[in-house]
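Q: These are the residues of each chain, in order.
Protein chains: 2
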Amino acid sequence: MFENKNSRTELNQLGEFGLIQYIKDNVTLSQPGSLTGIGDDAAVIDNGPGRTVITTDMLLEGVHFDLSYCPLKHLGYKSVVVNVSDLCAMNATPRQIVIGLGLSNRFSLDAIEEFYAGVMLACERYGVDLVGGDTTSSKSGMVISITAIGSAPQEELIYRNGAMENDLICVTGDLGAAYMGLQLLNREKQIYLENPQAQPDLQGYDYILERQLKPEARLDIIRRFKTWYIQPTSMIDISDGLASEILHICKASNKGCQIYEEKLPIDHLTRELGMELGIDATVAALNGGEDYELLFTLPISEYEKIKDRAEISIVGHITDVNAGYQFVDRQNGVHPLTAQGWDAFLSK
Amino acid sequence: MFENKNSRTELNQLGEFGLIQYIKDNVTLSQPGSLTGIGDDAAVIDNGPGRTVITTDMLLEGVHFDLSYCPLKHLGYKSVVVNVSDLCAMNATPRQIVIGLGLSNRFSLDAIEEFYAGVMLACERYGVDLVGGDTTSSKSGMVISITAIGSAPQEELIYRNGAMENDLICVTGDLGAAYMGLQLLNREKQIYLENPQAQPDLQGYDYILERQLKPEARLDIIRRFKTWYIQPTSMIDISDGLASEILHICKASNKGCQIYEEKLPIDHLTRELGMELGIDATVAALNGGEDYELLFTLPISEYEKIKDRAEISIVGHITDVNAGYQFVDRQNGVHPLTAQGWDAFLSK
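First to last, the sequence lines map onto chains R and D.
Note that this note's numbering has the first sequence beginning at 53, numbered continuously upward.
Note that this note's numbering has the second sequence beginning at 53, numbered continuously upward.
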């Protein structure tokens, strides 16, 4: 898969079966439960006793990614990560994925190799097996659909609807960087389009760019829950911005919430770049999306267990549903929290 | 879902969350194993002991379907069927599906209702639950990705690689009609494009059109295997034409085959339309695709159990791999069998 090729292999030389064979030859299975992978009508898995957890995500060129600045290897990696992140948000262990891939003839085998190199890297990183898929031609750009399968003991699963009044609202990592990274890439693309001689000015923003181009799912955190002896009452991953996600939890749990601006974990680079680009870092954290951090609620009795964890920030608490969804700014001004997250149909 | 609406609801009025809510409100779960459906980060299923079987298919507008003659309800139905067919080909019982759907703003809510009406009809027909999905905007037409989950006791699963020398090669139903139906629709579309006043001439071809627009998966047949006390040694569904599929079985099983033209089950309407359109019905059966019938192999000792079944045709037998892949025509001429099935990259 990582060989260097001098000549470009066209997809129409390879054909659909050739491409499937190529992918099959480059995939190894590591999960004991992955009994049959690519090469039959369906994959056969046995993830043992407990619950099977399934999630799916679709990524379309021009909507979710722009190949003019998103390298295919990163795209492959990220495609897996966004699904693994959904499984983590259920507190499930990711096990297998299947990939549907639509490609137009402008892609060469080298390009597909790059994409799958990223996919396999993510599979290795998160311990999941690629067990099946569908490849097809597309008339209009690249289409990626990934379904991920995980497992969990019934009693460990965490849903959106379990938040209780007075629970602490916690987030992992920091927020807003992925959105800021996207704005930076867009700015540099505009400059490049106006003047193709211009060199992109991305120096010093590696962290921000990586948050956009190569996000990670917080499998590390859900593994630590066990060693910390905590079991969140509700959980979701932050793909559409904190505001939208906490509203999902509140609505599913029939509760209200109070979120404090001063508690939001925002990296200093996100703030700096925000000032440069004229984007409020708080807005990026609340509504930006694509951070793939975890948002969860925890009984207040568990406070001692997490208060000194660098990876966790307490950003607010759950209230009675009648108290509504409130956002408290640095000046103690109280605002209604609304979901202005990335909306697939409004934003296009 | 089936209400009549007088005003067109635009997707951008509804938004992504509105659309998800709409779908959620119109889905009911019937499988006892579907524990949590739409509305969390992932679906939770428990398909009991035995094996879980997973398959995925991607359908792209302009490649796999043409909305100028494929009604959205039929498209929704067919999208489910092609996946259920893959599970049947493993001898597994279909249980759940997840759907990824990309839509551009030219689609209204009414259109999505039509699509999901077809999806739900197929779900009902095959006893599967829609447990999750992803909806997103698309810049270029409709994108459908379905992943289907089934289950089977380990010992009942049928793979492609179990064919043995002298096994009978059997197919269900009849072949070539779906391809012929597509040619008919294409002809009428051309006529319409040249003269929009012309009325399509589709009379008398209901069966052929239904085979193309509303195919069925042979869940009925795999259920009957048990009552007939037969367990095929290998099986695959016929999505790319008989020739391509028997080669998959032969290659996976390291065997050869002999297929007889005179044994191919071809409906008389397929032959008639073939003559009208100048397409050899045998070619349609061998290379046409989209029949979604089952192709399976059976020990010759089971001959008595199936010889009088109207749903089953014996079309040849498995040979030693050194005998190659042979097609015997009506004049007893022997030809090498080659996969000229629908090839995603060659045919575009």
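FYI, nobody ran anything at the bench for these hints, they're computed from the structure.
Some hints could be false.
Because identical chains cannot be distinguished in the list, a pair is counted as satisfied if it fits within a single copy or across any two copies.
Heads up, simulated DSBU-like pairs for lysine-lysine below, C-alpha to C-alpha not over 35 Å straight-line [stated by the list, open to error]:
1. 191 to 76
2. 191 to 357
3. 359 to 125
4. 191 to 359
5. 191 to 266
6. 359 to 241
7. 315 to 191
8. 76 to 266
9. 125 to 191
10. 266 to 278
11. 359 to 278
12. 125 to 303
13. 76 to 303
14. 278 to 357
15. 191 to 241
16. 303 to 191
17. 76 to 359
18. 357 to 76
19. 125 to 266
20. 241 to 315
21. 241 to 303
22. 191 to 278
23. 303 to 278
24. 241 to 357
Q: Now tell me, hint by hint, if it's right for this structure.
A: Evaluation of the provided hints:
Taking the closest pair of Cα atoms, residue 191 and residue 76 come within 35 Å of each other both inside a single copy (24 Å) and across two copies (31 Å). In this homomeric assembly, residue 191 and residue 357 never come within 35 Å of each other (Cα to Cα): the closest approach is 53 Å inside a single copy and 47 Å across copies. In the homo-oligomer, the alpha carbons of residue 359 and residue 125 never lie at most 35 Å apart, since the shortest distance is 37 Å inside one protomer and 53 Å across protomers. Within a single copy, residue 191 and residue 359 get their C-alpha atoms no closer than 52 Å, and across copies no closer than 45 Å, so neither meets the 35 Å cut-off.
Taking identical chains as interchangeable, the C-alpha atoms of residue 191 and residue 266 lie at most 35 Å apart whether they share a chain (27 Å) or sit on different chains (24 Å). In the homo-oligomer, the alpha carbons of residue 359 and residue 241 never lie at most 35 Å apart, since the shortest distance is 41 Å inside one protomer and 67 Å across protomers. For a Cα distance limit of 35 Å, the shortest separation of residue 315 from residue 191 qualifies neither inside one copy, at 47 Å, nor across copies, at 38 Å. Within a single copy, residue 76 and residue 266 get their C-alpha atoms as close as 25 Å, and across copies as close as 31 Å, so both meet the 35 Å cut-off.
Taking the shortest alpha-carbon separations for residue 125 and residue 191, both the intra-copy value of 22 Å and the inter-copy value of 23 Å come in at or below 35 Å. Taking the shortest Cα distances, residue 266 and residue 278 sit within 35 Å of each other inside one copy (26 Å), while across copies they are farther apart (50 Å). Proximity of residue 359 to residue 278 under the C-alpha cut-off of 35 Å is restricted to the intra-copy arrangement: shortest distance 16 Å within a copy versus 59 Å between copies. In this assembly of identical chains, the alpha carbons of residue 125 and residue 303 lie at most 35 Å apart only when taken from different copies (32 Å versus 37 Å within one copy).
When the C-alpha separation of residue 76 and residue 303 is checked against a cutoff of 35 Å, the pair qualifies only between copies, where the shortest distance is 15 Å, while the shortest distance within a copy is 43 Å. For a Cα distance limit of 35 Å, the shortest separation of residue 278 from residue 357 inside one copy, 12 Å, qualifies, whereas the shortest one across copies, 56 Å, does not. Taking identical chains as interchangeable, the C-alpha atoms of residue 191 and residue 241 lie at most 35 Å apart whether they share a chain (25 Å) or sit on different chains (20 Å). Taking the shortest alpha-carbon separations for residue 303 and residue 191, only the inter-copy value of 31 Å comes in at or below 35 Å, while the best intra-copy value is 40 Å.
Taking CA atoms no more than 35 Å apart as the test, residue 76 paired with residue 359 passes in neither setting, with 46 Å inside one copy and 37 Å between copies. Within a single copy, residue 357 and residue 76 get their C-alpha atoms no closer than 45 Å, and across copies no closer than 37 Å, so neither meets the 35 Å cut-off. For a Cα distance limit of 35 Å, the shortest separation of residue 125 from residue 266 inside one copy, 9 Å, qualifies, whereas the shortest one across copies, 38 Å, does not. With identical chains, the CA atoms of residue 241 and residue 315 are at most 35 Å apart within one copy only, with a shortest distance of 33 Å there and 61 Å across copies.
In this homomeric assembly, residue 241 and residue 303 never come within 35 Å of each other (Cα to Cα): the closest approach is 39 Å inside a single copy and 48 Å across copies. In this assembly of identical chains, residue 191 and residue 278 lie within 35 Å of each other by CA distance neither inside one copy nor across copies; the values are 47 Å within and 43 Å between. Taking the closest pair of Cα atoms, residue 303 and residue 278 come within 35 Å of each other only inside a single copy of the chain (27 Å); across copies the shortest separation is 47 Å, beyond that limit. Taking the shortest alpha-carbon separations for residue 241 and residue 357, neither the intra-copy value of 45 Å nor the inter-copy value of 68 Å comes in at or below 35 Å.
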